Amino acid sequence: MANVIITLGNDISTDDIYPGRFMATVLPTETPQFAFFDRTDFNAALKAKAFPPGSVIVGGENFGCGSSREQACSTLKGYELAVVARSISRIFLQNSINLGLQVVICPGIEASVGDELEITADQVLNRTTGRTFEQVKLPAARKGIMDAGGLIAYTRARLLARG
Amino acid sequence: MGMTVVEKILARAADRPSVTVGDVVEPRVDLAMSHENAALVINQYQEVFQGTGIAPKVWDPSRIAIIFDHRVPAESPKTATNHKKIRGFVAANGITKFHDVRGDVGGICHQILPEYGYVRPGFVVVGTDSHTTSHGALGAFSFGVGATEMASAWALGIAVNIEVPATIKVVVKGAFPPMVGPKDLILHLIGLLTAQGANFKVLEFHGETIRQMSTSGRIAICNMSVEAGATSGIVPGDSETVRYLREEAGVTDAIDCVTPDADASYVRTVEIDVSALAPQIACPHMVDNVKPIEQVLGIPVQQIVIGSCTNGRLDDLAAAAAILRGKKVAEGTRMLVFPASSKIFAQALDKGYIHDFMRAGAVVMNSGCGPCLGVHEGALGDNEVALSTTNRNFKGRMGNPTGEVYLCSPVVAAASAITGVITDPRKG
Ligand code: SF4
Chain A
1 MANVIITLGN DISTDDIYPG RFMATVLPTE TPQFAFFDRT DFNAALKAKA FPPGSVIVGG
61 ENFGCGSSRE QACSTLKGYE LAVVARSISR IFLQNSINLG LQVVICPGIE ASVGDELEIT
121 ADQVLNRTTG RTFEQVKLPA ARKGIMDAGG LIAYTRARLL ARG
Chain B
164 MGMTVVEKIL ARAADRPSVT VGDVVEPRVD LAMSHENAAL VINQYQEVFQ GTGIAPKVWD
224 PSRIAIIFDH RVPAESPKTA TNHKKIRGFV AANGITKFHD VRGDVGGICH QILPEYGYVR
284 PGFVVVGTDS HTTSHGALGA FSFGVGATEM ASAWALGIAV NIEVPATIKV VVKGAFPPMV
344 GPKDLILHLI GLLTAQGANF KVLEFHGETI RQMSTSGRIA ICNMSVEAGA TSGIVPGDSE
404 TVRYLREEAG VTDAIDCVTP DADASYVRTV EIDVSALAPQ IACPHMVDNV KPIEQVLGIP
464 VQQIVIGSCT NGRLDDLAAA AAILRGKKVA EGTRMLVFPA SSKIFAQALD KGYIHDFMRA
524 GAVVMNSGCG PCLGVHEGAL GDNEVALSTT NRNFKGRMGN PTGEVYLCSP VVAAASAITG
584 VITDPRKG
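Protein chains in written order, with the numbering used here: chain A, 1 to 163; chain B, 164 to 591.
No lab work stands behind these hints: they were computed from the structure. This one's a predicted model, so the numbers in the text were calculated from it and none came from an experiment. It is possible that part of the hints are untrue.
Coverage of chain B stretches by chain A, computed from C-beta distances (three or more under 8 Å per stretch; other residues unrestricted) [said to hold, decoys possible]:
| id | region |
| --- | --- |
| 1 | 205 to 216 |
| 2 | 240 to 247 |
| 3 | 272 to 282 |
| 4 | 296 to 309 |
| 5 | 312 to 318 |
| 6 | 349 to 362 |
| 7 | 554 to 560 |
Think of the CB as a built atom: it goes at the ideal place given N, C-alpha and C, for glycine as much as any other residue.
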């Protein structure tokens, strides 16, 4: 069970999630401080550890559009947040899977801040409103990477297999 | 059944007779490009080898390109130290396609790759930059990846678990009216498709307008294909591609243009006639919020920007300089020009365009990303408005979340610099 901590509109860009002016910071241990930096109150709440791991960001269409900067994923992964969005931009989706950030594509999702969500294998249940929403399955090609526990582990296994 | 260009490229790179949409393949990578974010790639790459007992070794140093462009010269000790770390890695691994902070061979990655003949038709190109779609202009399948995916490519030499994307065919016909060009075409198309209309898909460009377009114009349209969500834009290689690579990039070895089969299957076909197209403007804060210029005329602008990987090439600078020659940038408006590469900068100097800009009052900056991503220089003040030939106008893009960015072609930017308000170059 997890609570919705913010609901966002369509086309949330990586400039919004992780502003370009912090791109010189690259280490996953250092990027979380800049998450949604220009949303001052939300950034402050994140930094104050106001939200437990598993808390959910609900997005609209085309979440994570724009730049390929991986910081946009590591900054959210640092707080162990999950993203449930109506649709997700290709590079953001791939980066999330590569880094192990939980992302769920849920075209019909309706939720408000504070709602309790339960994310199952193929649905999202909003316990607060009692409504259930179907997930779109992630492309098959992504599964091998998820099962390996991320792209670093996947690549490492491939290297070892080559001998 | 026939194959699209990208299907053919992927089949070949994965040693398969054919592929179709949805197949999972692991194509060989012909070129792997990074910029400053190579600093993060290096971390992830080293982590891959940890605990394996295998000594870290890149699969092929001649196929890795690293170009410093995002923050050059370094704006902070942090960036300068990232640069230093990357230089060390480049030297230790024998990476030859390296472009440091230099006034002779430096520039923006998406300009350097075509300019030095690093990309060829039929290549699979990955880059740690979303605008890696640019290199589809040379008939390559070229797409953006994150740093960890690049680390994987450096180690393995393949792009892992790629799903063959569906392709949208875009057929463009008609001749551009005066003061209208490739930038207006791609803005118009993004407005039609929306910012996610091509998500997970390829845009394959056809039609007489594309065939007659220069490689510079093709780079602009492929560059911005990602703004419709596309995995890649691609113009199948043709006589112009060969001309560009031979005459401008100095390529002497064989060039093999890949073209789609006549019975290739497309998920959708979009037809556009440009013969009556007006200059197009993408309004804040989304690239698909596109309007014909008539609807935004007269909006006051405090900063004009001409440059970037989208519109910082010689033809862009020539068109803007022709409008500004003998004129002055309006009081209360500042104008920044940043050529896409040092080579273009030198050519613009020889042709007198740099003088035209400076005499008009524009500030000419070194080649690099500069104001485009607002990290470094050319940030906006609170609530200021910019009119820019770059490719993104998201909130905060030019360094200030209260600023507004309108996107346009070089001639619209130049005409508006003189008046200080958004101005139609056709009425100048
Ligand atoms: S000029 Fe702008 S869009 Fe192009 S590579 Fe640089 S930051 Fe990216």
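inquiry  = Tell me the hint numbers this structure goes against, listed in increasing order.
reply    = Violated hint: only 3; rest satisfied.
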